[in-house]
Amino acid sequence: MEFRETIKAATAALAVLVGVGAAFSAAPANAADRMKEILERGTVRIGVQGAFKPLSFPAPDGQLQGIEVDLAKSVADALGVKFEPVVITTANRMQFLQQGKIDLIIGGMFDTAERRKIVGMIEPAYWTSGPTLLAKKGVIKSWKDLAGKPLCSKQGNLYNRQIETEFKAKVIAFTGNTEGKEALRSGKCVAWVYDDIVIMADLATPEWADYEMPVGVLYDNPWASAVPLEEKDKAWGVFVTGMAYKWQASGKLIELAKKWHVTPSAWFAKQHEKLHWDTSYLEARK
Amino acid sequence: MLDLMAPFFRNLYERTGTNFNVFYDRFEFDRFLGGIGTSLELMFWSILLSLVIGVLGAWTQSARSRFLRIGVNAYIQAFRNTPPMIQLLFFYFGLGAFTPQIDMGGYYQPIISSFTWAIIAIGIFGGAFNVEIFRSGLEAVPDSTLEAAESLCMSKWQVYRHVTLPLAFRISLPALTNNLVSLAKTTSLAYVIAVPEMTYVLNQVWSDNANVPEMMLLLFLFYVIVVTLLAAALHFLERRLALPGYGR
Chain A
26 MEFRETIKAA TAALAVLVGV GAAFSAAPAN AADRMKEILE RGTVRIGVQG
76 AFKPLSFPAP DGQLQGIEVD LAKSVADALG VKFEPVVITT ANRMQFLQQG
126 KIDLIIGGMF DTAERRKIVG MIEPAYWTSG PTLLAKKGVI KSWKDLAGKP
176 LCSKQGNLYN RQIETEFKAK VIAFTGNTEG KEALRSGKCV AWVYDDIVIM
226 ADLATPEWAD YEMPVGVLYD NPWASAVPLE EKDKAWGVFV TGMAYKWQAS
276 GKLIELAKKW HVTPSAWFAK QHEKLHWDTS YLEARK
Chain B
11 MLDLMAPFFR NLYERTGTNF NVFYDRFEFD RFLGGIGTSL ELMFWSILLS
61 LVIGVLGAWT QSARSRFLRI GVNAYIQAFR NTPPMIQLLF FYFGLGAFTP
111 QIDMGGYYQP IISSFTWAII AIGIFGGAFN VEIFRSGLEA VPDSTLEAAE
161 SLCMSKWQVY RHVTLPLAFR ISLPALTNNL VSLAKTTSLA YVIAVPEMTY
211 VLNQVWSDNA NVPEMMLLLF LFYVIVVTLL AAALHFLERR LALPGYGR
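Keeping their order, the protein sequence lines are chains A and B.
Under this note's numbering, think of the first position of the first sequence as 26, with each following residue one higher.
Under this note's numbering, think of the first position of the second sequence as 11, with each following residue one higher.
Treat the hints as calculated values from the structure; they're not laboratory data.
Since the model is a prediction, treat every value here as computed from it, not as a measurement.
Please note that the accuracy of each hint is not assured.
Pulled from the structure, derived: some chain A residues nowhere near chain B, Cβ distances all over 10 Å [as the list claims (entries may be wrong)]:
(1) 105
(2) 126
(3) 133
(4) 175
(5) 241
(6) 273
(7) 286
Some but not every residue of chain B turned toward chain A, in silico, with C-beta under 8 Å [said to hold, decoys possible]:
(8) 24
(9) 37
(10) 81
(11) 85
(12) 103
(13) 104
(14) 106
(15) 107
(16) 109
(17) 111
(18) 117
(19) 154
(20) 202
(21) 204
(22) 214
Virtual Cβ for every residue (Gly too), placed ideally from N, Cα, C.
Generate coordinates for the entire structure from the input sequences, incorporating the hints supplied.
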């Protein structure tokens, strides 16, 4: 008797699971043409970070502001619809996009091969970041100055090994960023290595006034906006691709960097030059 | 040694995707050996420090001076009742800020390194327990035995040296084994102050190579083997020192 009850309960549980699974897998299939849907709805829902200075963070009045918010607004303006920001987190943004809760992510997302299997990454990328150094003013002039010296970092950072082998630095990795920065402040290491965008945000605060970012990034890690995978080559994806191209070609990104007091790395000028359409042939005809 | 193992483990990786790269990659192998060395050194010195503290502390507890006794009790309460990880962070970041350091141009070489802080913190943590363990041993020596020793005209020091201490040590040995084994495992916490011991090193290896399950297995085996050997050595000592018929 008891055995039969167990079987019944297990079957019921299995049925629920299958049902839920089917509902989830069915969701993307019945998504109609997203471009049409957005225009009919009259609003575009864009996923942005909630507290990521200077990319997307709350203004004193509670409204979101920052570089990514400005980019998102330019998308809404071009479409002539209302902009509805949706605060996403790093862990849930791709799920939000898959489930149709948002139409587009402009939320500090690295473009990786793994993620390209899940969401429609928009080319060209709109931003970049990479590992660089935070050090007391005048101590470091190039990456080579690290040779044989202690460098603070975080455990698990992918570039720790590269820095150890290439520049012969003694990497002291802590469990968190706070500990690493505290160790730098108390002079336990000559510099702290982390993402340049985070270091820039630190440098904007008075407690790091005596510090600087003395070297360029170790490598570039481009950030892409993303649409649902099945929309990538449809009207919506192609439209956003056009926006992303214009951000680069028109120099809007470099302008935004200036507006929000960020020093744009060499990557921006290079991309701008590459994507800016050369119109000199017009003048030659004159 | 690496040249001997490397072909097997490289082959294993290529065939099955099981990546024990510390056994074929020179850079990772050196890091792995460094981790073993640091871990063993850390265990040795912190256990030694904890034993010294334990003996001295237990002796002080029976001292005449009230201040000494209160001091030892305060020490036991403070270090037995706080987590060892917090103690490590407290010593390294809290007290580390006040210790003298040498200007190396851009950074400072502290007189007390993170490795030394780890020995101090873990040694003091284990010592707090050892004091209590040794005290229980000293108190368990029967009064009648001590009286018998006194009646043989032994001096106070002779009684302590030839009767109390040998018996107390044997009585406290099982509890001591437990504490020292636990202390050896506690050394893995030194990764929070960036001491490159086994946990720290393998954490970095698996972050670089995405071979978490393999390195977890290795880390687990490392502690199993080291701690088993330590416990075996202490049990051997216990058997060697056993007094026939005593305590049975």
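Right, here's what the structure says about each hint:
The Cβ of residue 105 of chain A lies farther than 10 Å from every Cβ of chain B, with a closest approach of about 46 Å, so its non-interface assignment holds. The claim that residue 126 of chain A lies off the interface holds: its Cβ sits roughly 30 Å from the closest Cβ of chain B, which is beyond the 10 Å cut-off. No beta-carbon of chain B is positioned within 10 Å of the beta-carbon of residue 133 of chain A; the least distance is around 21 Å. With a cut of 10 Å on Cβ distances, residue 175 of chain A falls inside the contact zone with chain B, its closest approach being about 6 Å.
Against chain B, the non-interface label of residue 241 of chain A holds: every CB pair exceeds 10 Å, the least being about 19 Å. Every CB of chain B is more than 10 Å from the CB of residue 273 of chain A (nearest about 32 Å), matching its label as outside the interface. Interface exclusion of residue 286 of chain A from chain B stands, the closest Cβ pair being 27 Å apart, more than 10 Å. Using the Cβ-Cβ criterion of 8 Å, the hint placing residue 24 of chain B at the interface with chain A is not satisfied: the shortest such distance is roughly 21 Å.
Checking residue 37 of chain B against chain A by beta carbon gives a least distance of about 7 Å; that is within 8 Å, so the hint holds. Of the supplied interface hints, the one on residue 81 of chain B is violated, with its beta-carbon coming no nearer than about 30 Å to a beta-carbon of chain A, more than 8 Å. Hint on residue 85 of chain B is violated. Least Cβ distance to chain A is approximately 26 Å, over the 8 Å limit. Checking residue 103 of chain B against chain A by beta carbon gives a least distance of about 6 Å; that is within 8 Å, so the hint holds.
Nearest Cβ of chain A to the Cβ of residue 104 of chain B: about 11 Å, over the 8 Å cut. The hint is violated. The criterion of a C-beta within 8 Å of any C-beta in chain A is met by residue 106 of chain B, whose closest approach is roughly 7 Å, and the hint holds. Of the supplied interface hints, the one on residue 107 of chain B holds, with its beta-carbon coming within about 5 Å of a beta-carbon of chain A, less than 8 Å. The beta carbon of residue 109 of chain B is not positioned within 8 Å of any beta carbon in chain A (closest approach about 10 Å), and the interface hint is therefore violated.
About 7 Å separates the beta-carbon of residue 111 of chain B from the nearest beta-carbon of chain A, less than 8 Å, and the hint is met. Interface hint status for residue 117 of chain B: upheld, as the beta-carbon distance to the closest one in chain A is roughly 4 Å, under 8 Å. The restraint placing residue 154 of chain B at the interface with chain A is violated, with a minimum CB-CB distance near 55 Å, outside the 8 Å limit. Hint status for residue 202 of chain B relative to chain A: holds, with the closest Cβ pair at about 6 Å, below 8 Å.
A hinted interface residue such as residue 204 of chain B counts as satisfied when its beta carbon comes closer than 8 Å to some beta carbon of chain A; here the least separation is about 5 Å, so the hint holds. Hint status for residue 214 of chain B relative to chain A: holds, with the closest Cβ pair at about 6 Å, below 8 Å.
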